[in-house]
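Chemist: What follows is each chain in one-letter form.
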Amino acid sequence: MSATPINASAPRPGPPLWLLAELTYRCPLHCAFCYNPLDFAQHGDELGTDDWLRVLRQARELGAVQCGLSGGEPLLRDDLEVIVAEARRLGYYTNLLTSGVGLTPQRAAALKAAGLDHVQLSFQDSTREVNDFLSHTRTFELKQRVAREIKAQGWPMVMNVVIHRLNIDHVDRIIAMADELGAEYLELANTQYYSWAYLNRDQLLPTREQLRRAEAVTDHWRRKLGGRLRLFFVAPDYHDGVAKKCANGWGSTMMVVTPDGSALPCHTARMLPGLAFPNVRDASVRDIWFDSEGFNRYRGTGWMQEPCASCDQREVDLGGCRCQAYLIANDPAAADPVCRLSPHHGDVVTAVERALAPVREQPIVFRDRAASLRLSTAAEPTIAR
Amino acid sequence: MSEPAALDGGVRPRIGNGFRLQWEPAQSCHVLLYPEGMVKLNQSAGEILKRCDGERSLDEIVRDLETAFNAQGLAKDVHAFAEIAAKQRWLQWD
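Just so you know, the protein sequences line up as chains W and F, in that order.
Under the numbering used here, the first residue of the first sequence carries the number 1, and numbering increases by one thereafter.
Under the numbering used here, the first residue of the second sequence carries the number 1, and numbering increases by one thereafter.
Hints are computed from structural coordinates only; laboratory data are not their basis.
Fair warning: this is a prediction, and the values are worked out from it, not measured in the lab.
Some clues are possibly wrong.
[Claimed, not checked] Partial pick of chain W residues on the chain F-facing surface, computed with a CB cut under 8 Å:
id, residue
1, Pro15
2, Leu17
3, Leu62
4, Gly91
5, Tyr93
[To be verified] A few chain W residues that don't get close to chain F, going by computed Cβ distances all over 10 Å:
id, residue
6, Ala8
7, Leu29
8, Arg54
9, Glu81
10, Thr104
11, Ala109
12, Glu141
13, Val161
14, Arg208
15, Arg223
16, Met304
17, Gln313
18, Arg340
19, Val349
20, Ile364
21, Leu373
Positions of the beta carbon are idealized from the N, C-alpha and C atoms, including for glycine.
Could you put together the complete structure from these sequences and hints?
Modeler: Encoded structure:
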């Protein structure tokens with residue numbers, strides 16, 4: 001690991017408040033919008049329980065306080081209860097981000113006993129039936145059972161629905177269903193375009209008109225619901241010409257640890273070329289957070305090129321998303337092309353216009369191991385263990 | 001979730017379901033933790049919330065604060081804070 005960061009002017013960060021533990025990339029679902037890396041099937045062995053406990057302790061020492069347990073599907077880890085119990089003992093607020101598949105009453109009770117603070121239940125799972133899923137009785141019954149179980153254990157009832165062109169016109173029924181299930185919070189999260197979602201972008205990107213209608217439906221429901229169900233509508237980046245801060249600022253508040261131990265400043269940073277990210281097997285969380293080349297590379301504003309470097313919004317949006325800059329402009333140090341001031345903004349505009357008259361030349365690629373192996377580059381696996 | 005009962009000095013507020021209040025040494029302040037989120041609390045908010053154990057009434061909390069900080073006439077501010085906190089679901093009471 002490099003001792004001298006390339007970005008010499010990187011400001012010293014505060015604590016990594018949010019630790020996202022991606023426990024596994026194994027998953028029973030095949031979502032077309034998944035942001036797990038395309039080459040996940042080539043990643044190295046999963047971290048063991050002891051590794052995760054060590055990461056939890058080290059990150060907590062630095063001040064991490066929110067712990068997300070995610071993946072893939074975190075319920076596939078047999079040691080989940082052990083990890084949850086340690087996180088709770090250390091003082092984290094723990095969030096299980098799950099499809100609910102495998103959350104039996106027994107498992108729910110065990111996780112509650114271990115001290116899990118909250119379960120975020122995702123809707124919108126298997127996209128092979130995406131157009132029919134709202135009327136797909138079996139799916140609805142599974143979610144009803146899991147939702148009842150969540151309430152029975154006394155957890156806040158939080159739901160997350162990934163929104164894209166294939167379901168955005170159903171927002172009314174999605175909200176109605178969440179209300180019927182007794183949700184207290186519903187996040188309508190328009191998908192971001194990385195990894196599998198980027199691959200399938202032409203089929204997933206909604207039109208501006210669809211977005212506007214969905215927001216109007218959401219506002220209408222907000223007025224109707226009063227306080228009993230809180231709705232969050234997260235708009236996609238592509239439509240309004242404004243960049244958002246990446247992960248609240250690269251290396252400022254969040255650390256992601258992937259199933260094989262790579263530490264990243266965001267879920268998808270591994271795709272960026274010319275940048276090495278450390279592994280928790282080899283380095284302490286403290287060294288990773290404060291001194292690693294990867295975490296310092298795009299901290300602050302000193303690394304920026306024009307138009308960001310002299311822009312009066314640079315402290316507000318911090319140049320936007322590095323991964324989007326790489327995916328669209330082929331340069332991770334460029335301005336995020338979703339920003340109307342980026343020289344590559346035209347590519348984003350074109351993508352939004354294409355959503356109006358989509359051409360189906362490529363079928364949707366569903367996330368699974370076979371596709372991942374097929375899509376993986378010829379480069380060597382990230383970690384050979 | 002139903003709206004809280006009207007606020008008067010006799011209510012016994014407690015931290016809302018799904019929220020947790022704790023002192024964070026790394027941030028030198030109290031925080032309220034909730035699903036994927038955190039509210040940093042200033043000193044007075046922290047002092048009020050840490051007394052909301054579901055057993056003490058709001059009147060008792062006001063008196064306790066006045067004693068602890070050698071102050072008077074805190075009722076109005078504490079009530080105003082409790083109302084805001086209830087709207088945010090940080091506090092609940094029967």
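Chemist: Run every hint past the structure and note whether it holds.
Modeler: Evaluation of the provided hints:
Hint status for Pro15 (chain W): holds, given a least beta-carbon distance of 5 Å to chain F, under 8 Å. Interface hint at Leu17 (chain W): satisfied, since its Cβ lies 7 Å from the closest Cβ of chain F, which is below the 8 Å cut-off. With a cut of 8 Å, the hint placing Leu62 (chain W) at the interface with chain F holds, because the nearest CB-to-CB distance is about 7 Å. Residue-level restraint check for Gly91 (chain W) holds (minimum Cβ-Cβ distance to chain F is 7 Å; threshold 8 Å).
The interface hint given for Tyr93 (chain W) holds, since its Cβ lies 4 Å from the closest Cβ of chain F, which is under the 8 Å cut-off. Taking the minimum C-beta to C-beta distance to chain F, about 26 Å, the non-interface status of Ala8 (chain W) holds against the 10 Å cut. Look at Leu29 (chain W): its CB is around 21 Å from the nearest CB on chain F, clear of 10 Å, so calling it non-interface holds up. In this structure Arg54 (chain W) is separated from chain F by more than 10 Å, as the shortest Cβ-Cβ distance comes to about 19 Å.
No Cβ of chain F approaches the Cβ of Glu81 (chain W) within 10 Å, the least distance being about 19 Å, so the stated non-interface status holds. At roughly 22 Å, the least C-beta separation between Thr104 (chain W) and chain F is larger than 10 Å, which holds for a residue marked as non-interface. Remark: the non-interface label on Ala109 (chain W) is consistent with the geometry, its nearest Cβ contact in chain F lying 18 Å away (cut-off 10 Å). At the 10 Å boundary, the C-beta of Glu141 (chain W) stays outside the reach of chain F, the nearest C-beta of that chain being 25 Å off.
Against the 10 Å criterion, Val161 (chain W) stays outside the reach of chain F, whose nearest CB is about 15 Å from its own CB. For Arg208 (chain W), the non-interface assignment is confirmed: its Cβ lies about 28 Å from the closest Cβ of chain F, beyond the 10 Å cut-off. Its beta-carbon lying about 16 Å from the closest one in chain F, Arg223 (chain W) satisfies the requirement of being farther than 10 Å from that chain. The beta carbon of Met304 (chain W) is kept farther than 10 Å from every beta carbon of chain F, the shortest such distance being approximately 28 Å.
Every CB of chain F is more than 10 Å from the CB of Gln313 (chain W) (nearest about 25 Å), matching its label as outside the interface. Listed as a non-interface residue, Arg340 (chain W) keeps its Cβ farther than 10 Å from every Cβ of chain F; the least gap is roughly 30 Å. Separation of Val349 (chain W) from chain F is adequate, the least Cβ-Cβ distance of about 32 Å exceeding the 10 Å criterion. For Ile364 (chain W), the requirement that its beta carbon stay farther than 10 Å from each beta carbon of chain F is met, with the minimum near 29 Å.
Against the 10 Å criterion, Leu373 (chain W) stays outside the reach of chain F, whose nearest CB is about 33 Å from its own CB.
Checked against the numbered hints listed earlier, the structure breaks none of them; every hint is satisfied.
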